[in-house]
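Novice: Please dock the two separately framed chains into a single complex, following the hints provided.
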Amino acid sequence: MAEIKKTTILVRREKKLNKEGEKIMTSPEECEALRKAFSGPHGVEEKSMLEILAKCNPADLTTFRKKSPYIFLDDGCCFERWDPFHMKSLEIEFLRFQRAVIQRTMHPWERDALLVRKSLEEKPPLYNLLIELACTRTSDEFLGARKAFQCLYSESVEEFVAVRVEGFQRRLLVALVSTYRYKGMRIDEAVIKLECQKLGRAIKIDKKNEIEKDDEVLRILTTRSKHYLKTIHKCYKESYDSNLEEDLDDIQILRDTVNCLCAPPIYFSKILHTAMSVCPTEQEKEALTRVIVTRTDVDMKDIAEEFNREYGAPLIERIKAAALGNYRDFLVTLVKRGMAN
Amino acid sequence: MATHSVAEDCEQLRKAFAGWGTNEGLIISILAHRSSAQIKLIRETYAQTYGEDLLKDLDKELSSDFERVVVLWALDPAERDAFLANEATKRWTSSNQVLVEITCTRTSDQLLLAKQAYHARFKRSLEEDVAYRSSGDFRKLLVPLASTYRYEGDEVNMTLAKSEAKILHEKISEKAYNHEDVIRILSTRGKAQINATLNHYKNEFGNDINKDLKTDPKDEFLAVLRATVKCLTRPEKYFEKVLRLAINKRGTDEGALTRVVTTRAEIDMKIIKEEYHKRNSVTLDHAIGKDTTGDYEKMLLALICHGDA
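Sequences listed follow chains A and B, in order.
Per the working numbering, the very first residue in the first sequence carries number -18; after that it's consecutive.
Per the working numbering, the very first residue in the second sequence carries number 374; after that it's consecutive.
There's no promise every hint is true.
Claimed, not checked - Residues from chain A shown here face chain B by an in silico Cβ test under 10 Å; the list is partial:
(1) 138
(2) 144
(3) 155
(4) 160
(5) 163
(6) 205
(7) 206
(8) 209
These are computed hints drawn from the structure, not numbers from a lab.
Here a beta-carbon is modelled for each residue, glycine too, at the ideal position from N, C-alpha and C.
Excised from the complex, chain B in its bound form (with noise of 0.2 Å):
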């Protein structure tokens, strides 16, 4: 692979933008195949060469779908997933999911570095935001899982495995979905805890845990719990049924797209992508090339393929 030098994507990206129209596929070609580090160093020597802020430029020459996914692609990680939460608080219902999505699937490194983009850009803490726009059982599970900053080494301990799946399975049993200990299992033990916790109540009570927490369909803090496990426990197949719906979706849900395509593309495509190729038997890529069009389908397409060699 040849070695790019900034300068050089920045007089490229400059280009892109002269004269009439802009040339789209000069973006994506350049963007799409660098990485965040790299996308970095192109937006300061831009600023540095030419005044002016890369992003400010893409919002100004670009529109709808495209724009999104390449202002969200061109931002650094840790400021999108603050733009993306921010986003998510001033909406309501399944920004819930996309609340957790954020909270749950990250490192608790990249979390925190996502709750200091979020103070840098919108001067008050993620948990304030997500406490103000919540109430009662969304505000209880969602600001802890917000504020927590998980352990997260390998060891289990199985004991409490096996005291807390009981736990579990005793207040889901009595429909207290909402009670304080489930909230604080999921939202304070680490990763690697919970997964031995469910494991183990999966071989004891026979179900997974997201089939118990199914009684009722039209109930969003159940589902909004079930999303929680999912994150928590396999990402992959979470993001595999997003992508799933989003395309499946009359119309198709892009805010859903763009989100999961960018948000992943760097971190772990390739396990989604043969999650969703095992669970739609077609590829992702033919599934996107199906469903959209135009250059927001071609830089969607070249994001899916980013990791590859």
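So here's chain A without its partners, still in its complex pose (with noise of 0.2 Å):
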């Protein structure tokens, strides 16, 4: 019994010295762990900030400053004090949990009303966002958003995307917020092939900048169902061997469209890997939040097999990857329940 004790004192109190002869209680692993649950790039680890921190003493904070040059700065103050831009950062990563949490709860209309606002409120505009809220959602999901605004804001979705762009954007995404689809299976295969015709002809034979001023192909996409474009888009590809989306790519809005139309799980996939590359902007980081509380109930297992295949490794194993703490693991559950669905 003794000899136990003897031995747990030992590891519990390493008795280290720093040069000025203080204390030290961390190890440097657990330094590193430190810096890393302080450097995103989703969000915190919690646990570690609450075991580590907890026991440092002044002397283990020193080492820390000292040896965090990317945390902070060196740079002739008589300290090393924080580089105000992490600080920044930090506070928003800190968020990033309380705002999953917050999305996940809120009534979905309330949620994707918010969004459409900020869509188009945030310079440079969100278009993409726009254009997934209106064409991922199904009509009716859609049209409580749009109820839901009028509320909010005491002025139509339409209203409010109209007075901010213009031209050829601004037919499109008016359309496309505004279209109330029929939500049915039943299409007619002789206008099918129509009008795959005249997305054919208007896309490969005429001029590709012609594209926006062509008003069949501006029709096709905002009033039919999804079924129907969806149906479009397989007799697209059977007869010009191409998908639509890849011929369209010089328009990323008109891109995006179909590809939210008629393929959300490829679309999805490409911004999750967007928001865990190497350097994505904080608007391209938030939509990992947005995809996963929003989808887990939809199509995660859609998405996360499209991920997989297209980007070569699990979505729940890159998220670990990228992801701190309560953050992670909130995200990782959701995907994983949305799995199971």
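Specialist: If you want it as structure tokens, here you go:
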């Protein structure tokens, strides 16, 4: 009994000293873990902060500051000061879990209404976000968001969008947020063939930069039902041996529109990948929260499969590598839950 | 007013079809005096009791104008609007006006219900069909009008009203009637805001906007724009005019007459009658009595008094 006690005591109190003869409580490994906890890129590692920081004494903290040049600047002040840029980012990283929780608990209509507002109030505007909302939600889900938008802002979505964009963008985006698409599976094969030809002609034969002037392309994309458009997408592939969205690659808003309408998992897996890439913008990073929170009940399984197929890595593993702490655990649980549905 | 049992109504209607000929008077006396909610119940009960659709029986037993007015009346308002809108997409010119009428005089929720009824009946969306069947400037205006879910609050932004009145005046002066901002203002703003904008237009520039839109009486697009403005701001005046033209026309435009009477009987027929009297110095009853005959006339007269106690 006494022997065991001795060992425990020995392991706990390392009794190391620094140059100044002060006691040091943390190991270099713990220092590294603490640095990681503060460095994102998605979230913070609360556990490390709790466990390691709590036992740091002033000497440990000095060492930590001196050995973390990306977090603390040693630029002529007589002490190592917090890099203000890093401090600002840390605020955002601490909030990431909070934001995810709020988004998850919010009514989907309110959530989407707020996102619509944000999409055009940000500078530069986030057209792909607006397209994502208008095209990946069902007709009734987006109608709900439009009603919520009116409650929150005393104006309609179409008014809000129309006044902030011009020209071709206005015609496309206002139509996308206004349309109330047929939700069923009924299609007319003859009309599909005809409209597939119209698209093919506009894209392949007429000059590509004339697409924006082509009323028929706009009409087909903004009024036809989703099932109809998926069928056209297939028909286009068979007729022209290429994917509609790839052929529209020059015009990003059209490409995003086609992806969101015809194959949301492809669109979502792409923005998830961008969110977890090397240097995403804050907007791109936020997509990680938004996609997981909003799609866990819809098509998480398809998105994860597409992600794996396209990027050669399981989505969950990628999230575990990119995110930290409670935020990471929350996302991983939501993905697992979505995949089990 | 005596309470009517749905079962009794069904029985009576069934009797009206029985034997040779049809008891049109009985049909009018029942259906013209029931609300759309009551008629819905009657249709359900009729189907349960006799295994047949009341509308199909009406279609079988009745004919021409009388049949049309009865069947349209017996439809649920949303179904009626869907049916009329669909009919309008299949024809040209004057049917643009019908589309404007349906999309601009209904409330946002009424139009939404009509679009849902359209999905159910035609397996396509209203926007699809309107877009498919129109082109050029008409498509640019009619599709947004069909798609919009306008904000219906009363609050008005006067600064915005001023700036948008200016934009409208500018574009109209340049004869850029199809300009994207003209379309934007008319197809996305709420009715209260549009009213404020057009009031300001008149105050600032002297004319009603519709006067300035009358530069070419033969221009169909201008006619559609004028109808849009009227339907959004003064629907009762719009409907009075449609009725007046339908009745005064050589031979009467029964289509328009039936449409306005059946779609407005439960909404604002009283106000429309007042407008009619003011403008024509005779009552609508009198004008319809002079211009139509038989069971069709009887049904119309019964319907325009529908809301009266």
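Novice: Please go over all the hints and tell whether each is borne out by the structure.
Specialist: Each hint, compared with the structure:
no., hint, verdict
1, 138, "holds (8 Å)"
2, 144, "holds (7 Å)"
3, 155, "holds (7 Å)"
4, 160, "holds (5 Å)"
5, 163, "holds (4 Å)"
6, 205, "holds (6 Å)"
7, 206, "holds (7 Å)"
8, 209, "holds (9 Å)"
In summary, this structure violates none of the numbered hints.
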